[in-house]
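Student: Here is how the chains run, residue by residue.
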Amino acid sequence: MSYTYLIITEHPISTESHVDTTCKCHLHKICKLDYDAIWIVGYDECATKEIIRWVRCSEMWYVPVILSKCKMTSHMIADGYADSFGDFTRIVSPMVNQMHSKCDIELRPICYLSSRNQDVLNPGIQGDCCGIKNKSKYPLLDSFGIVNQYKWFETMISSGYLNMNSGFSKCYYTCPKCYGSAFNFAEKCSSCSSTRLKHGNLVHCFVCGTINHELLISSTNPSCPSCKEKWKHRGVDYEYILNAVECIDCGTKTQCSETYVECLDCDSNLKESDLLKHFYGVYELTGKIAEICGGCVHPQPKPIPRPIPIPTPKPPIKPPFVNPTPKPQPICPKPQPRPPVRPIPTPVKPPESVCEFEKCISYEHFEDYKEYYKSCQIQFMHYSIDTADICSSLIERALMAALNNVGNIFMNKGDIHVMMIGDKDALHLFSDRIYRIQAEVTSIGHHINIELVDVNMNLW
Amino acid sequence: MVVTLLAVYAQILVYLNMPIVFTLAFLMFLIIELPIYISVFVGAIAYVINKMRYIPDANFTPTVSCIVPCYSEKEGALRCVKSLVEQNYTGNIQIIAIVDGSVQNKITYDILIQYLNSIKHTMKSQNRELHVIGKVERQGRVSSLNLGFYLSKNEIIFALDADNLIHEDMIATATQNFRDPDIVAGTGTLFVANQNATLVTIMQSIEYNVGICLGRTGLGALGVLNNISGAFGIFRRAVLAEVGAWDAGTAEDLDLTMRLKKRIALHPHEKLFFDPLAICYTDAPDTLKMFLNQRLRWNGDLGYLYLRKRWNLFYYNLMGWKNTVYTAWYGILHQIVCPFLIFAYTIFFGLWDTQRFIVVSLAVYVFYYILFAIFYGLYWFMISPRKANDAWLFLFSPIYPIFTYICRLWDVVAHLNEAFRKGHLDSSMAPKHILKRGKF
Chain Y
1 MSYTYLIITE HPISTESHVD TTCKCHLHKI CKLDYDAIWI VGYDECATKE
51 IIRWVRCSEM WYVPVILSKC KMTSHMIADG YADSFGDFTR IVSPMVNQMH
101 SKCDIELRPI CYLSSRNQDV LNPGIQGDCC GIKNKSKYPL LDSFGIVNQY
151 KWFETMISSG YLNMNSGFSK CYYTCPKCYG SAFNFAEKCS SCSSTRLKHG
201 NLVHCFVCGT INHELLISST NPSCPSCKEK WKHRGVDYEY ILNAVECIDC
251 GTKTQCSETY VECLDCDSNL KESDLLKHFY GVYELTGKIA EICGGCVHPQ
301 PKPIPRPIPI PTPKPPIKPP FVNPTPKPQP ICPKPQPRPP VRPIPTPVKP
351 PESVCEFEKC ISYEHFEDYK EYYKSCQIQF MHYSIDTADI CSSLIERALM
401 AALNNVGNIF MNKGDIHVMM IGDKDALHLF SDRIYRIQAE VTSIGHHINI
451 ELVDVNMNLW
Chain Z
1 MVVTLLAVYA QILVYLNMPI VFTLAFLMFL IIELPIYISV FVGAIAYVIN
51 KMRYIPDANF TPTVSCIVPC YSEKEGALRC VKSLVEQNYT GNIQIIAIVD
101 GSVQNKITYD ILIQYLNSIK HTMKSQNREL HVIGKVERQG RVSSLNLGFY
151 LSKNEIIFAL DADNLIHEDM IATATQNFRD PDIVAGTGTL FVANQNATLV
201 TIMQSIEYNV GICLGRTGLG ALGVLNNISG AFGIFRRAVL AEVGAWDAGT
251 AEDLDLTMRL KKRIALHPHE KLFFDPLAIC YTDAPDTLKM FLNQRLRWNG
301 DLGYLYLRKR WNLFYYNLMG WKNTVYTAWY GILHQIVCPF LIFAYTIFFG
351 LWDTQRFIVV SLAVYVFYYI LFAIFYGLYW FMISPRKAND AWLFLFSPIY
401 PIFTYICRLW DVVAHLNEAF RKGHLDSSMA PKHILKRGKF
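Here the protein sequences line up with chains Y and Z, keeping their order.
403 is the number that this note's numbering gives to position 403 of the first sequence; each next residue is one higher, with no gaps.
331 is the number that this note's numbering gives to position 331 of the second sequence; each next residue is one higher, with no gaps.
Hints may be right or wrong, so weigh each one.
Said to hold, decoys possible - Simulated restraints on C-beta separations:
no.: 1; chain 1: Z; residue 1: Asn-117; chain 2: Y; residue 2: Gly-200; range: 20 to 30 Å
no.: 2; chain 1: Y; residue 1: Pro-176; chain 2: Z; residue 2: Asn-50; range: 52 to 62 Å
no.: 3; chain 1: Y; residue 1: Glu-214; chain 2: Z; residue 2: Lys-422; range: 27 to 37 Å
no.: 4; chain 1: Z; residue 1: Phe-440; chain 2: Y; residue 2: His-233; range: 40 to 50 Å
As the list claims (entries may be wrong) - Some chain Y residues near chain Z, calculated using beta-carbon distances under 10 Å:
no.: 5; residue: Phe-183
no.: 6; residue: Ser-191
no.: 7; residue: Phe-206
no.: 8; residue: Ile-211
no.: 9; residue: Cys-227
no.: 10; residue: Glu-239
no.: 11; residue: Ala-244
no.: 12; residue: Gly-251
no.: 13; residue: Lys-253
no.: 14; residue: Phe-279
no.: 15; residue: Val-282
Hints are computed from structural coordinates only; laboratory data are not their basis.
Where is the CB? At the ideal position from N, CA and C, for every residue including glycine.
If we strip away everything but chain Y, and leave its shape as in the complex, we get (with noise of 0.2 Å):
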């Protein structure tokens, strides 16, 4: 039996029947996506996670990703590491057929682990990546497409499928619009917000009473300012009684300033007190997730990354022929092809027009459309960003009950950009919402770029 693997490389040359090779900007015309594992060579640390998180969103999520060279973090959501085609095979070959492509979205995360025979969730160190602020504690659930994963760990939780590890537990404030935790604290004026603040200390006369600013004593002839009585000894001629901030457009003065936060993500300002934090820590898988893809679980540890950095790849690559190994006995059944579109649901159709569909989601057939729009697997991905008023505005009340459950969403800088991945019929059926709000969108200033991949007929 012969497996069929993809080469995600910048020069894409196919040499074996059996191996397909495309690059990064043509991902989005692969129309076949029943691969049995996925090499991903020589793009660098950014790329390679977006490549990730397309596999991961995609309905290969399950399959083995070898990665070319080792990068700080991208260990952390790939299967290994490998510098020849033969490398690759050997070390994907154990690991093929054993993954499970049946799974909740929302649980996809917990069957990877689970597949890959990991018992614990690790929260990796992320940093800035091409301009993209990374915001997510969580690599693996990054490339998963989990946005909230605050709300995530806590439906997982519920439903007892981890349990946080009492060891390592750190926590981490986020910004509640756009989830980043790259912040700028700095005081400003609570009176004219300005940010022009002078500190000092009050002193107290206990000769008159008066309080004055530190800065209108002498240090070296200390004396009272107003009652001009010479001071000898602090706390027997006068004292320090409070530290106080003036603001010097104002003139407002008071015991503390006021902190606010920029969200260097997104701009916003905010208070303090409106971050949102978060806790994160190793989370251990339950044995519950085994009543899932408990029989996918394959025996071998998965390969240990290595360590150190492997030079960049010479371009084009040219992978090595190496003769498939027979195929180990699957424990589990092969993966299935991508379901076939099913029916609508009887006796409710799905809607012909826009006002019908929002008709449909006002009232009570809503349900089964969303049970619909499930089996259609669709999957919107919107890459939004400069302001996030419009990603909820806009698209997320337009594309909200579809996004909920059978989506991912993507904040990420720049123009939005919304991927539709379905069948015909269920993009046909979106299409006109996603146009009008493509006109709405453009008529406040934005670009939006809106794609529709039908997954049967390519780029539609």
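Add chain Z to chain Y, keeping to what the hints say.
Tutor: The following block gives chain Z in isolation, referenced to the frame of chain Y:
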């Protein structure tokens, strides 16, 4: 009426064949007190006449800063701050609550901080600002007031006690007085919050009605306001800065009033006001011991201030004729000399002829009771903002002359305590080492 009473009194003295020396001594009281009563009466009438022409301007809403020096009031401080936040006033109110010794008074500080956090997000929309300042080391009430003044930014400054409960219209009413640009400072009515607790608080309530509400209304209308109360003072910020705010030591309220009077002597168009409709409620001591301790401090401070600290202000060039004469008359003769005369009269006449002493005492009681009833009626009819309550209080009025008599005798103890023991240094208003470092 007063003349008739005097005539009756003279007949009684003739009938009892009183020695001339005691007659003169008793007449001294009338000579000292009667002008004050008459001036209060005339002033109160003048106030009522002026009030009839008064039209409030709802659009006049100057910005206000309220300084609330707190110590160990706990829930009382919260009650005060809450009542300020919830004022019926559209202008900006900055409330500065300063907890003196926020370590030892952590409960008070925590209560206020908790309240601040609860209203933080709604404050700005209500045009309110609340600052809770914790002074780690206790440095006294004056330092808290001055710190509050330093931190304040608004046009009108209110200095309030932390155990006050502020009437919801107080700021709106009090600020109306500042429509007159010549008004520099003033005060309002203090009522007893725990009025019905004990007989002592009932007596104090009557005293506050007649002594503070009616008395200051009359004196304020004549431009000789005796004192801007420390528990409830209202100042124009610029003027307060010019006079140097509160001075170290005790009786800081009376001291500030005298310095303001000195300023008024230099700027004769400027005025102090008393507004009986700007109302605060304060907790009065509810036991006789606590009450006497309070009066020991209050009345002792009169001697400290008039005779020790500010004696050099009793000069017409410094305070002006009106205020020099009135302060000397009311402050020194009535409040310091008179108690000694009463004390001497009581001792000598009591020892000399007890039987006659009792008869004359009864006559004096009746005389003062009628005088009190006249003034209480005047207060109730013209000024009282809570007529039903004050009418009920009048039921206890027969005890009031006796209460006053005890207070006057206790004043002697207070003055002696100040004269020989420097009682002002033994005050709960500030730590001893700070009081001692003062100039007096």
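Student: Would you mind marking each hint as holding or not holding in the structure?
Tutor: Results of checking the hints against the structure:
no.: 1; hint: Z:Asn-117 to Y:Gly-200: 20 to 30 Å; in the structure: 26 Å, holds
no.: 2; hint: Y:Pro-176 to Z:Asn-50: 52 to 62 Å; in the structure: 57 Å, holds
no.: 3; hint: Y:Glu-214 to Z:Lys-422: 27 to 37 Å; in the structure: 32 Å, holds
no.: 4; hint: Z:Phe-440 to Y:His-233: 40 to 50 Å; in the structure: 20 Å, violated
no.: 5; hint: Phe-183; in the structure: 20 Å, violated
no.: 6; hint: Ser-191; in the structure: 7 Å, holds
no.: 7; hint: Phe-206; in the structure: 4 Å, holds
no.: 8; hint: Ile-211; in the structure: 4 Å, holds
no.: 9; hint: Cys-227; in the structure: 8 Å, holds
no.: 10; hint: Glu-239; in the structure: 6 Å, holds
no.: 11; hint: Ala-244; in the structure: 7 Å, holds
no.: 12; hint: Gly-251; in the structure: 6 Å, holds
no.: 13; hint: Lys-253; in the structure: 5 Å, holds
no.: 14; hint: Phe-279; in the structure: 23 Å, violated
no.: 15; hint: Val-282; in the structure: 34 Å, violated
This entry does not satisfy hints 4, 5, 14, 15, going by the numbered hints stated previously.
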